[in-house]
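If you want the building blocks of each chain, they are given just below.
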Amino acid sequence: MTEKKNTNIILFSGDYDKTMAAFIIANGAAAYDHEVTIFATFWGLNAFRKDEQVPVKKDFLEKMFGKMMPQGADKMGLSKMNFAGMGSKMIKHVMKKHNAVPLPDLIDMAKEQDVKLVACTMTMDLLGLQKEELIDGLEYAGVAAYLADAEDGNVNLFI
Amino acid sequence: MTEKKNTNIILFSGDYDKTMAAFIIANGAAAYDHEVTIFATFWGLNAFRKDEQVPVKKDFLEKMFGKMMPQGADKMGLSKMNFAGMGSKMIKHVMKKHNAVPLPDLIDMAKEQDVKLVACTMTMDLLGLQKEELIDGLEYAGVAAYLADAEDGNVNLFI
Amino acid sequence: MTEKKNTNIILFSGDYDKTMAAFIIANGAAAYDHEVTIFATFWGLNAFRKDEQVPVKKDFLEKMFGKMMPQGADKMGLSKMNFAGMGSKMIKHVMKKHNAVPLPDLIDMAKEQDVKLVACTMTMDLLGLQKEELIDGLEYAGVAAYLADAEDGNVNLFI
Numbered sequence: 000m001t002e003k004k005n006t007n008i009i010l011f012s013g014d015y016d017k018t019m020a021a022f023i024i025a026n027g028a029a030a031y032d033h034e035v036t037i038f039a040t041f042w043g044l045n046a047f048r049k050d051e052q053v054p055v056k057k058d059f060l061e062k063m064f065g066k067m068m069p070q071g072a073d074k075m076g077l078s079k080m081n082f083a084g085m086g087s088k089m090i091k092h093v094m095k096k097h098n099a100v101p102l103p104d105l106i107d108m109a110k111e112q113d114v115k116l117v118a119c120t121m122t123m124d125l126l127g128l129q130k131e132e133l134i135d136g137l138e139y140a141g142v143a144a145y146l147a148d149a150e151d152g153n154v155n156l157f158i
Numbered sequence: 000m001t002e003k004k005n006t007n008i009i010l011f012s013g014d015y016d017k018t019m020a021a022f023i024i025a026n027g028a029a030a031y032d033h034e035v036t037i038f039a040t041f042w043g044l045n046a047f048r049k050d051e052q053v054p055v056k057k058d059f060l061e062k063m064f065g066k067m068m069p070q071g072a073d074k075m076g077l078s079k080m081n082f083a084g085m086g087s088k089m090i091k092h093v094m095k096k097h098n099a100v101p102l103p104d105l106i107d108m109a110k111e112q113d114v115k116l117v118a119c120t121m122t123m124d125l126l127g128l129q130k131e132e133l134i135d136g137l138e139y140a141g142v143a144a145y146l147a148d149a150e151d152g153n154v155n156l157f158i
Numbered sequence: 000m001t002e003k004k005n006t007n008i009i010l011f012s013g014d015y016d017k018t019m020a021a022f023i024i025a026n027g028a029a030a031y032d033h034e035v036t037i038f039a040t041f042w043g044l045n046a047f048r049k050d051e052q053v054p055v056k057k058d059f060l061e062k063m064f065g066k067m068m069p070q071g072a073d074k075m076g077l078s079k080m081n082f083a084g085m086g087s088k089m090i091k092h093v094m095k096k097h098n099a100v101p102l103p104d105l106i107d108m109a110k111e112q113d114v115k116l117v118a119c120t121m122t123m124d125l126l127g128l129q130k131e132e133l134i135d136g137l138e139y140a141g142v143a144a145y146l147a148d149a150e151d152g153n154v155n156l157f158i
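Chains as they are written, first to last, in numbering that gives the first Met the number 0: chain A, 0 to 158; chain B, 0 to 158; chain C, 0 to 158.
In case anyone wonders, no lab produced these hints; they're calculated from the structure. Treat the hints with caution; some may be incorrect.
Intra- or inter-copy, both count: the list cannot distinguish identical chains.
To be verified - Computed cross-link-like contacts, PhoX-like style, restricted to lysine-lysine with a CA-CA straight-line distance of at most 25 Å:
| no. | residue 1 | residue 2 |
| --- | --- | --- |
| 1 | LYS95 | LYS110 |
| 2 | LYS115 | LYS4 |
| 3 | LYS130 | LYS56 |
| 4 | LYS49 | LYS110 |
| 5 | LYS91 | LYS66 |
| 6 | LYS88 | LYS66 |
| 7 | LYS57 | LYS88 |
| 8 | LYS57 | LYS96 |
| 9 | LYS57 | LYS130 |
Please take these sequences and the hints and turn them into a complete structure.
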C-alpha cells in the first residue's frame, strides 16, 4: 500500500459540464500528488469515444446506441440549460473568452499527469462499444478494480 | 467499531441506470466483505416501492405523487436517452442479451448479501409513502443514522 | 490537522431537491460536530444568488446566463417531475404541511452552525456572477481549496 493520497472518481453521466468538473478535480488532485483514477461507466464512457466513426461490427441496437450517444467529450451536452446544444456552445464560448481549458484538453492533461483512465468493461458490453472506438491510453476493468482502488481512497466521488 | 471496510451509498435519483450502478457497486462491495448500506431518499425511494397498488389512506397530493412516481425499480426510466421509456426498454433488452442481472434481481442479491437497505423516513413523510407500499426487509431511519454509518465509511457515494 | 470529523460536499446541481439534500446532510453533520464545507460550483452556485436583481456590469452572454439561471435557492426547480415549476410548488406545499424546513432557511441554519459555504471562483468567472450578486457570508475559492479540505475528509459527496 502506498503513502500517497488517493482520489477515485466514478464518471457516470455523459454531460459536458459534469465531465469537466470530474477532470478539473482529477487534474487538481494529480497536481497535489494524489494517485487519481477516473472510472468511466454508462454514459460517462462517451467521454472516451474517438470523435470519428470507427468501422467495427455491430448489431442493430449497438449501432443505434452508437449513433444516438455523443461521439467523444466535445460532442456532449450540458446537464442543464442545454437547449439542444445551444447551452453547450455558449459555455464553450465563455470558456474560450476566459482562457479556460476545453474538455478534450483537460483529458489530455489528465493523461500527461498519469491519471488512470479506466473504461468499464460491463458498460462496453452493454452499449456495444469496442476498444477500437475509444481513445488510446485507457485501462479496461470492472467494478472489482474500482472497489480495490476506492476502499483506500481519500476522496471518492460519483459524478 | 468494526474492522470491516464500510461502503455507504445515498441513493437519491430514481433512475433505472443510476440505481443499477448503485446496486452493482453495493453487491461488489458486499462480495469483498464490506459492510454496505444503501440509504434511499427522495426519488431513490421509488426503487423500494412494491410494484402493485397497495390500498393505504392518502390525501390528494400524496395520491398524485403516488401515481406520478415509478412504482418500483423495474418501472423507473433512464437518466439519459429515456425517450418516454423506449431507452429503458432498449437497455433491458441488451441486458438480457448479455445475461446482465436486471435491477429487481440486483436488489434481491443485495438483500441476500446483507446489504442494509434503509428508507429515509423524512422522504416517506414528504411524498406520502407508507411502509405497506415498500418492499420487505427495509430499515427505516433519517439523516442521523446515515451520518453515523458514513463518518467511518471507506467509500461514501451520492448517486 | 484537527481531530474533528470532516464533511465536504460539492454542490454542482442547481436543483431544489438536491440542494435540499445537500443542506440537510450538512446541517446534520454540523450538529454531530463535524467541520462541514459546501463547495458550490456550476449550477450549484445559483443556490447562493440573492433573490433580487443586483445592478452590476455584464456583457451580453453573462446577462443571458444571469436571466436564464434561477435567482436564488427558492427559485430552483426539481431534478425530476418539475413540470415547469409545478412539481417544485407541490414539494414546497407538502413541506409546509409537514413543517419541513424550506431551503432558504436550511441555508441560514447552515450559516448559524458555521458550515463553511464556498463559492467556486472559476464558475463565477465563467457564468459572469459577481460577489455583489451572491448572499453574504460566503468564502471564495477554487478546486485547490476544495481538495485541501477533502483529502482529510470523512464524508465526501458530489451532489
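Non-conforming hints, listed in increasing numerical order: Going through the list in order, the structure violates no hint and respects every one.
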